[in-house]
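**Q** Sequence:
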Amino acid sequence: SGSFGNSSSDGTRELFLSKKKEPTQEIRKKRKESNKDGENDGMHVIEEQIGNMASLLKNSTLAMNQTLKDQTKDLEEMETITTKNLQKIAVVTDKVKDHVQSQWSKIFGTWTLVAIG
1 SGSFGNSSSD
11 GTRELFLSKK
21 KEPTQEIRKK
31 RKESNKDGEN
41 DGMHVIEEQI
51 GNMASLLKNS
61 TLAMNQTLKD
71 QTKDLEEMET
81 ITTKNLQKIA
91 VVTDKVKDHV
101 QSQWSKIFGT
111 WTLVAIG
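For the sequence shown, our numbering assigns the number 1 to the initial residue and increments by one for each residue that follows.
Heads up, a few of these hints could be off.
Below, a list of computed lysine-lysine pairs in the DSS-like style, where the Cα atoms sit at most 25 Å apart [claimed, not checked]:
1) 73 <-> 58
2) 95 <-> 106
3) 88 <-> 73
4) 58 <-> 69
Pair ranges (Cβ atoms, derived) [claimed, not checked]:
5) 54 <-> 80: 57 to 63 Å
6) 42 <-> 82: 57 to 63 Å
7) 114 <-> 78: 50 to 56 Å
8) 90 <-> 52: 29 to 35 Å
None of these hints come from the bench; they were simulated from the model.
For clarity, every value in this text was computed on a predicted model and none was experimentally measured.
Think of the CB as a built atom: it goes at the ideal place given N, C-alpha and C, for glycine as much as any other residue.
Modelling step: build the complete structure from the supplied sequences, incorporating the hints.
**A** Below, the structure written as structure tokens:
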């Protein structure tokens, strides 16, 4: 009569336990789903951060590319200017050599005339 062994008590106990288990199982299921949602939220945040980093990397790479193009253009202009200056220097050097050689010829000629005369 007072024990759990009889059928009416067992039925009540089973009903109580089954009602108690269902909400616990539902809570566990909801926790798992929320964890999955949390994981999905976390994954979404990570994916967004990776996307942002990729975008920054792309922009930095494009900026470096533009800088290299600008520097290449500047270097090519400097090369052209340097080549022209070297050509002018070569012309001036040839004129100076010719002038010095002609002056030495005149000096030699003058000394020769002085020595002979």
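**Q** Next step is simple, just say for each hint if it's right about the structure.
**A** Hint-by-hint comparison with the structure:
1. 73 <-> 58: Satisfied, since the Cα-Cα distance of roughly 22 Å is no more than 25 Å.
2. 95 <-> 106: holds (16 Å)
3. 88 <-> 73: Distance of about 23 Å is within 25 Å: holds.
4. 58 <-> 69: Roughly 16 Å separates the two Cα atoms, so the pair holds.
5. 54 <-> 80: 57 to 63 Å: violated (39 Å)
6. 42 <-> 82: 57 to 63 Å: 58 Å Cβ-Cβ, so the 57 to 63 Å window holds.
7. 114 <-> 78: 50 to 56 Å: The hint (50 to 56 Å, Cβ to Cβ) holds, given that residue 114 and residue 78 are roughly 52 Å apart.
8. 90 <-> 52: 29 to 35 Å: violated (56 Å)
Hints 5 and 8 from the list above are not met by this structure, while the remaining hints are.
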